[in-house]
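Trainee: Listed in order, the protein sequences are those of chains A and B. Numbering-wise (the working numbering), the first sequence opens with residue 1 and increments by one. Numbering-wise (the working numbering), the second sequence opens with residue 1 and increments by one.
Bear in mind the hints are in silico, worked out from the structure with no lab data behind them. Be a bit skeptical, because a hint or two may be false.
Think about it this way: if two alpha-carbon atoms lie no more than 20 Å apart in a straight line, the pair counts; the simulated SDA-like pairs of lysine to any residue are [what the hints assert, rightly or not]:
1. B/K300 with B/W290
2. B/K337 with A/P36
3. B/K277 with A/Y38
4. B/K72 with B/A61
5. B/K72 with A/L296
6. B/K277 with B/A204
7. B/K337 with A/R35
8. B/K300 with A/L55
9. B/K277 with A/P36
10. B/K277 with B/A210
11. B/K277 with B/P218
12. B/K300 with B/L312
13. B/K337 with A/W37
14. B/K300 with A/F56
15. B/K337 with A/G8
16. B/K277 with B/I212
17. B/K337 with A/R9
18. B/K72 with B/L123
19. B/K337 with B/A279
20. B/K277 with A/R35
21. B/K72 with B/I57
22. B/K72 with B/T132
23. B/K72 with A/L295
24. B/K337 with B/M1
Below, each chain spelled out in residue letters.
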Amino acid sequence: MSTNANTGRDWLEVLRGAGHAVDATALMAADAGERPWYLTLILALSAWFSAVFLLFFVALAVRPESPGAAGVIAILLLVIAALLMVQARHVFFLQQVAFALSLTAQGLMCWPMFEYAGDQQPSLFFAQLFAFQLLLGLLLPYRVHRVLSFLFAATAWTCAVRFWDQNWDTSTRAISFASTHIRMGIAIFPMLALLTLLLQREADWIAEGYAVVMRPLMQALVIAVALLPGILFLSAEFFGELKYMSSSVPIIGIVCALFGAVAAYQLRTNWLMAFAFACAFFNLLSLYYALGNSLLQKSAWAVAIGVLALLLSFALGRSRTESAVSQQNSGAL
Amino acid sequence: MERLELDRFAEHYRLSAPAVRTLLVASQAWPTLAGWRQFGVRVLRGVGIVSLSAAVIFWIAANWQHFGAMVKFFALDALLITCIGLACWRPPMHVLPWQHSRHQHVLGRSALTVAFVVTGAMLALFGMTYQTGANTYELFFGWAALGVPLVILARALSAWLLWWVVLVVAMVLYAPAHLVFGFWPSDAGRLQLHWLVPGLICTAMAALFAFISDRIVPRDVRARMTQIAIATAITFATLEGVHFAERATRPWASINPLLFILQTAVYIAFAYWAQQKRALAVLAMLAASWIVLSTVWLVKLVPNFDIGGALLAGIWILASAWVSVTVLTGWHRAWSKQS
Numbered sequence: 001m002s003t004n005a006n007t008g009r010d011w012l013e014v015l016r017g018a019g020h021a022v023d024a025t026a027l028m029a030a031d032a033g034e035r036p037w038y039l040t041l042i043l044a045l046s047a048w049f050s051a052v053f054l055l056f057f058v059a060l061a062v063r064p065e066s067p068g069a070a071g072v073i074a075i076l077l078l079v080i081a082a083l084l085m086v087q088a089r090h091v092f093f094l095q096q097v098a099f100a101l102s103l104t105a106q107g108l109m110c111w112p113m114f115e116y117a118g119d120q121q122p123s124l125f126f127a128q129l130f131a132f133q134l135l136l137g138l139l140l141p142y143r144v145h146r147v148l149s150f151l152f153a154a155t156a157w158t159c160a161v162r163f164w165d166q167n168w169d170t171s172t173r174a175i176s177f178a179s180t181h182i183r184m185g186i187a188i189f190p191m192l193a194l195l196t197l198l199l200q201r202e203a204d205w206i207a208e209g210y211a212v213v214m215r216p217l218m219q220a221l222v223i224a225v226a227l228l229p230g231i232l233f234l235s236a237e238f239f240g241e242l243k244y245m246s247s248s249v250p251i252i253g254i255v256c257a258l259f260g261a262v263a264a265y266q267l268r269t270n271w272l273m274a275f276a277f278a279c280a281f282f283n284l285l286s287l288y289y290a291l292g293n294s295l296l297q298k299s300a301w302a303v304a305i306g307v308l309a310l311l312l313s314f315a316l317g318r319s320r321t322e323s324a325v326s327q328q329n330s331g332a333l
Numbered sequence: 001m002e003r004l005e006l007d008r009f010a011e012h013y014r015l016s017a018p019a020v021r022t023l024l025v026a027s028q029a030w031p032t033l034a035g036w037r038q039f040g041v042r043v044l045r046g047v048g049i050v051s052l053s054a055a056v057i058f059w060i061a062a063n064w065q066h067f068g069a070m071v072k073f074f075a076l077d078a079l080l081i082t083c084i085g086l087a088c089w090r091p092p093m094h095v096l097p098w099q100h101s102r103h104q105h106v107l108g109r110s111a112l113t114v115a116f117v118v119t120g121a122m123l124a125l126f127g128m129t130y131q132t133g134a135n136t137y138e139l140f141f142g143w144a145a146l147g148v149p150l151v152i153l154a155r156a157l158s159a160w161l162l163w164w165v166v167l168v169v170a171m172v173l174y175a176p177a178h179l180v181f182g183f184w185p186s187d188a189g190r191l192q193l194h195w196l197v198p199g200l201i202c203t204a205m206a207a208l209f210a211f212i213s214d215r216i217v218p219r220d221v222r223a224r225m226t227q228i229a230i231a232t233a234i235t236f237a238t239l240e241g242v243h244f245a246e247r248a249t250r251p252w253a254s255i256n257p258l259l260f261i262l263q264t265a266v267y268i269a270f271a272y273w274a275q276q277k278r279a280l281a282v283l284a285m286l287a288a289s290w291i292v293l294s295t296v297w298l299v300k301l302v303p304n305f306d307i308g309g310a311l312l313a314g315i316w317i318l319a320s321a322w323v324s325v326t327v328l329t330g331w332h333r334a335w336s337k338q339s
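Could you put together the complete structure from these sequences and hints?
Mentor: Following this line, the structure appears as structure tokens:
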């Protein structure tokens, strides 16, 4: 169904026309219009840089001498940030202050987490970070903050799996070919499954009132799925954990990035789609440098994939034309 | 309907799941089956073309050592001639006397864009084969100069964007090593105009794109390229400002009045142009540049930067971003209402 309706009243009529009972005793106020994404980016970046200076300020002013003290200060800052976010929801400047305070607290919180995990267990550190960021994403009610928290949580989750059973010393690490792929699967599959579920159940969670949490989660998952497999698993060769990177790693990265592009298309978010395609291209560049396979092998695979994709594109295009012709014929009849 | 607006709408009227589903379909927030098919065709076609191109590049790279110099040149020549031939067969515009079609062919545009890339590859191959001793920036400047007729004929944004990247890379490679002028006698006071001259070139290019005839560069491409040239100029100006602040030994005395006035004048001109054209992205770029430069100078000018300085800098960044975004959002809403 397609319609030219474009105001709140028109949409209400559309819903009534489709047989849905809508209580419209209090009409929704006209929206002032969304802020363009680059203005949101300025806000987010300013909060990050401000947080660096504020972290410096807190460190000099309070001088926490133990991880416990740093943790307590971080929790206090988080409580202040949460109160500001809830109480001053419509005061834009205070939201920014709260955002910067929260980022400062997150930086401080890394110290006790690192101390608790010890030098030998990076995965424990990342697991704590994952739980912490997930909690912040669920609790702190600011959309940009939620997207970042869920993205950090996804990154921490991937790192926890990626560095499982490893230590911080890169010279002693080694991951086998099979282990790399098992880790990739464990890290990526839950994110792909969750994203698919959220896409399929979009109408349900909007109706249940969870959009304020699920929408940022979905955006963060699209970014994570497109970005993380390529960045975090290709680094295994860079760190010397794998002698030669297999071509399968960037290929999996490309597939994940394309999945992210499909999800972004369903969400009708052009910048996310462009980001996902850029990630796919980055993985393609990495494929050139994956020394686990020869260039001739990679060339043969690329020919096979290219021909298959073009054939599928041709078949899909043809079925589209045929269905359009049959629709025209049925209309004429 | 945008997703966030739809979320608010559903929350306000407490819509049921079937009603939300109806709204998602009716507002086309969910792509239609035809939309999915079109998207699938485009993505698969893109994947196919990119994969086959990658296969050719991988194959050439695998056999590079086995090809003689003449084979390499002939291969690139053949590719260039094929591209030009395709562009003549399906021209991107009505330029040739025997072409009567007014139709602008995508094939011709793409062929000329590829021809521009091949020109760069030929220059690189020439440099590698004969060891000319030329610097990398010379290759890029030469590539940009030789590519001008091709991108003008291509009449495509993608071709102009590629050309712009080549020109910017040439300037980035050239500027740091060469644009150091001895205006002051001591080494410490030498005026290192690393990024100022590239910034001024970009400003001049922005003016050129703004005023050049539609017959040479199509109107929509001109509009985009003007904005991109201004954005690049602002980036260079910001880099110059940060670089200048980093090297300043006596903060207040190091501010060169001439440079300060020049940069301010250019920023005001950009802001005026962006206001007139309602180019919010350019205004946002200017605001971001101002936040960066003012913060860098604040950190530089605060004596013995310590606890107070850190607090001041943190608050300054937040406040300046808040003011900028509030003003820009207000303009955005006013312009949206008017249009």
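Trainee: Against this structure, judge whether each hint is valid.
Mentor: Cross-check of the supplied hints:
A C-alpha spacing of about 15 Å is found between B/K300 and B/W290, which places the hinted pair at or below 20 Å, so the restraint holds. For the suggested pair B/K337 and A/P36, the alpha carbons sit about 15 Å apart, so the restraint of at most 20 Å is met. Among the hinted pairs, B/K277 with A/Y38 is consistent with the structure: their alpha-carbon atoms are about 18 Å apart, no more than 20 Å. Proposed proximity of B/K72 and B/A61 is supported: the alpha carbons are some 12 Å apart, at most 20 Å.
Of the pairs offered as hints, the one joining B/K72 and A/L296 holds, with about 18 Å between alpha carbons and a cut-off of 20 Å not exceeded. Restraint check for B/K277 and B/A204: satisfied, since their Cα atoms lie roughly 18 Å apart, inside the 20 Å limit. A threshold of 20 Å between alpha carbons decides the hint, and for B/K337 with A/R35 the separation of about 14 Å falls inside it, so the pair holds. Restraint check for B/K300 and A/L55: satisfied, since their Cα atoms lie roughly 19 Å apart, inside the 20 Å limit.
The hinted pair formed by B/K277 and A/P36 meets the criterion: a straight-line CA distance of about 17 Å does not exceed 20 Å. Only pairs whose Cα atoms come within 20 Å are accepted, and B/K277 paired with B/A210 is accepted, the gap being roughly 11 Å. Annotation: proposed proximity of B/K277 to B/P218 holds, straight-line Cα distance about 17 Å (limit 20 Å). With a CA separation close to 12 Å, the supplied pair B/K300 and B/L312 stays within the 20 Å bound.
For a cut-off of 20 Å, the pair hint linking B/K337 to A/W37 stands: about 19 Å separates their Cα positions. At most 20 Å may separate the alpha-carbon atoms for a hinted pair to count; B/K300 and A/F56 meet this at roughly 16 Å. Between B/K337 and A/G8 the alpha-carbon distance is near 16 Å, which keeps this suggested pair within the 20 Å criterion. This hinted pair checks out: B/K277 and B/I212 have alpha carbons roughly 16 Å apart, not beyond 20 Å.
Straight-line distance between C-alpha atoms of B/K337 and A/R9 comes to about 18 Å, which keeps the hinted pair within the 20 Å bound. Taken as a hint, the B/K72 and B/L123 pair is honoured in the structure, with Cα atoms around 12 Å apart against an allowance of 20 Å. For the hint pairing B/K337 with B/A279, the CA-to-CA distance comes to about 15 Å; that is within 20 Å, so the pair holds. The straight-line distance between the Cα atoms of B/K277 and A/R35 is roughly 19 Å, inside the 20 Å bound, and the hint therefore holds.
Among the hinted pairs, B/K72 with B/I57 is consistent with the structure: their alpha-carbon atoms are about 13 Å apart, no more than 20 Å. Distance check on the hinted pair: B/K72 and B/T132 sit about 17 Å apart at the alpha-carbon level, within 20 Å; holds. Note on B/K72 and A/L295: the hinted pairing holds, with a Cα-Cα distance of about 18 Å set against a maximum of 20 Å. At roughly 17 Å between alpha-carbon atoms, B/K337 and B/M1 fall within 20 Å of each other, so this suggested pair holds.
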